[in-house]
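Participant: Given the coordinates of chain A, work out where chain B should sit on it, guided by the hints.
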Amino acid sequence: MTYEKYYTYKEIMNQPVIWQSVYGEIIEKKNFSYNTFKNEYDEIIIFGCGSSYNLSQSAAFLTRYLSKNVTSLALPGSELLLNTDLYFKDNKKYLVVGFSRSGETTESVDVLKSIKGYKNIKSYTFSCNDGSTFSTLADESYICKNAVEKSIVMTESFSSMLFAYCAIFAMFMGNSDVLDDLKKLIKFVREKLPSIVDYTSQYIEKNNFNSYFVLGSDFNYGLAVEADLKMKEMSQVPSYSYHLYEFSHGPKSLLNENSLCLILTPNKNLIKYENKLEEYSELKTKMLIIGIEEIKNLKNNQINYFLQTESFNKDIIKSFINIPVFQFLAFFKTLKNGLNPDIPKNLSYTVKI
Amino acid sequence: MVKKDYTLKEILNQTKALKAAYDDIIGKDAGADLLKKPFDELILFGCGTDYNLCQSAVFFSKSLMNDKSFQALPSSELLLNTETYINKDKKYLLVGFSRSGETTESIDILKRFKNKRNITTFIFSARENSTIVKLSDSNFISEEALEKSIAMTQAYICFLFSYCLILAKILNRNDIVGEFKDLVDFLNLNIDKLFTEISNYVNTVSFKKCFVLGSGFNYGIAVEADLKMKEMAQVESYSYHLHEFIHGPKTLIDDESLCLILTLDKRSSGSKDVLKEILGYGSKLLTIDCKDLLKVENGSIYNIISNPGFKIDMVKSFLNIPVFQILAYSKAIKNGLNPDIPRNLNYTTKLNI
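Protein chains in written order, with the working numbering: chain A, 1 to 353; chain B, 1 to 353.
What you were told as hints is all true, and nothing was included just to trick you.
Computed from the model, here is a short list of chain A residues facing chain B with C-beta under 10 angstroms:
#	residue
1	D90
2	V153
3	Y240
4	L283
For lysine-lysine, the following BS3-like pairs were computed, each having C-alpha atoms within a straight-line distance of at most 30 angstroms:
#	chain 1	residue 1	chain 2	residue 2
5	B	K91	A	K38
6	A	K272	B	K116
7	B	K88	A	K122
8	A	K268	B	K116
9	B	K116	B	K91
10	A	K92	B	K36
11	B	K209	A	K206
12	B	K91	A	K68
13	A	K89	B	K91
14	B	K68	A	K38
15	A	K93	B	K62
16	A	K92	A	K113
17	B	K209	A	K345
18	B	K90	A	K89
19	A	K68	B	K36
20	B	K208	A	K345
21	A	K68	B	K116
22	B	K88	A	K89
These stretches of chain B come out as covered by chain A in the derived footprint (C-beta under 8 angstroms, 3 or more residues):
#	segment
23	53-67
24	226-237
25	263-272
Just so you know, these hints were derived from the structure itself, not from any lab.
As the structure is a prediction and not an experimental result, all values here were calculated from the model.
Quick reminder that beta carbons are idealized off the backbone N, C-alpha and C, glycines included.
Extracted from the complex, chain B is given alone in its bound form:
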């Protein structure tokens, strides 16, 4: 009999993995050489879930550094268009993410740029002896994030957390470093309660399609949330920037939809109107820490987590991650599927390219 609990264990274990990463980075100075060599442009790359986290990581980088250019790319796009993205007169820092360290396109990028004078590489992986790690100039290994499940959960949050924490530490952003410590403590205290609350929610509502909306740092998280729902629960899922949703994609929304609204931040002006419009189409609305935004009594709205006390929006955004992971897991169980065995997928994608 196939076990159904790897994914669940890994979702619940993420607090341990985050604590281990925090201790390595803050206590042992792991990853301290991330920005060691000068560069003009930082390109973050990965495949699938790893690419999704790059989209948040690039926003975080841009928020902290003024004088560089930044780009997030799927590994395949970087590999196929090296002449477009790499200019011999500029210096690059390429930061790649790969759980297994054996994903073909990501490995091929490192092979292609090995020993190029204007390119430095830094890799985040869960396997120390992997091909990608051996090819990199420097790396950060998060062995605690190694998973048995095909769908990435704790490796995803752990890589994103580690990248952001390393950057914040190097750039002396003690305010952010301090909040990351609070984040680990908060999740450690609350993850079991979150699981109970979200699985109860999934059991009481029905939906056939799921829209995940998030802006800025949250956009990459929205894409990952959409992917988890597809992979685990086989639900028709979509992700959009919050305001982009009303420029066309809202055409599919109806009373069989669930809209997951990721944590809104201080920059999210005009959000209230978008949420009201969504409710007007009959969709259910699941919000994370925005209980006060819509002060209307409506049975279609449910809020998870209230006033967790984070001042920095991008740190608060990490709260979305266990929420959407548990949501997808619970929906898969409700649909009679085994989240450990997503349809059509393998642990590592290897290509003959």
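In isolation and in its complexed conformation, chain A is listed as follows:
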């Protein structure tokens, strides 16, 4: 079966191409500016709306993980806009990093307008449209030119803007492990994409579920929220996202034999997470675990493992392999439910208020 008629499919498949182009521009040719990053800051505030806010949450973790000295915070564009007096203090210096696919989202544009002229605030933005209001208002910006999508649902722009931020921040911090991993990531995903399509389409075909839980910690938490949103937007399935251990403190109340739990690449820093997964699996849910070898005591016909790899130095960059998996799970679930992934219910391309 061909899925080429769907923009969403083509855009998910195109991700390693865009990542390569971003990598070439930032790392190889150094054809971009990032002088703004070189100043001293007390706090880096990262913001966006919807998917762009989700990626901000992962980006804020990466910032804190790599820099240690600077506090970083992710906020929805609207929260930052409505509470500027709370988040910006006269006695501190701020770098504000914003994400917007179209570069025209009202709240994000208004954040930049509201901080324009403040000496203690600098701004850097990521967008996919050259010449957008968003990038024009910023002190500096990076444009993921080839990630402009036709679909309403963000897929390649989500991963490409996050990829670009990781590349720029790692380069600024001189972290060669992260930069090496980004290169490996492009090759890995390019080679694995056909098998990801096959695996996820067959998995959806064989497994029924009517509630979907995505669990991920630290950098993966923002990805989990995005995975949950993709499933909602495309397939209209009730979907939820939680930190891996937080899930047991209440939300697992909804878990049952008709659920699917997607476990994003468990990191090396997790302590005895196998016990947690066992606890969830006892509630009869289906479970799909990404990126690790099979766990000895966690094997039954409800549990599947996919995309095992030890190729990466840093768990944070390995986390990117979750992205095409959750995007295709949502895509194929949508087709199975008889819906069109290119036309999500109630949504439009850019939100203007």
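Facilitator: Only chain B this time, still in chain A's reference frame:
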């Protein structure tokens, strides 16, 4: 036969617990050593409901203090990423919340940071002799908030109230302290009426999914409201920042939805458009003290509490708490469930980590 009235008693008893906390803090100076030692960053942590209240508490802290950094984290995230969140060159105040005082991740945080020179710990719990309290440098015990129910209700409001009141008192914010006194009196006078009104409302409307929307201080309350609906009533529930909702999650809204809009504040510009859009999708709308915002005759809108007379928005936000608790309780009863025994959950979550 299993009793069904612990949860109800605890919801109705919260005014007593708040009065006891108020008397301890204002009359006996309990918690006065919260900010005693200097710090650069305040990290608030907890699990489940305790983490939800941290998200409101961090907003409150930021509103009152200019020169510090703030972060709310699930205990597990702090425990697993200590090197990312704790810098040896900075001073930290860690404030934790745990009803039982025996939650594994929260205890493990205190064990890990015991005797670290740059870290001070302060704990809120309902049990004086609990492990977490014994490990802390200082603490506030709210024994009146001790519950028999699994789902936290009065302990939640009591901890959040106590933290905010202690902070306001230490920082000499007499305006806020005064309004907290008014809040206790208001709830004491009105909680029985609220119960009657909300349970009648639940009996007259039907909904299969629930969206709770709140910004700023209210966001943590929205997440807690969503969790209560899941735990007690097994209803598909979601929580979002008010304006974030339109950036994707609104895709699930339809005529079988109930949208609970938490108290809007002076900062909530543009809210009217969001509410109109929600109504346009056929959802029911339950608002709290915003009767005047939507001056349209629409059978789908119902408002609870009008002009309660609070000047400080964050104090007024506490009115949302009994409303969503009674809403979840009443929905559970309507669905034939026992709110005292939420599915898949235990009183205290202990892990082998």
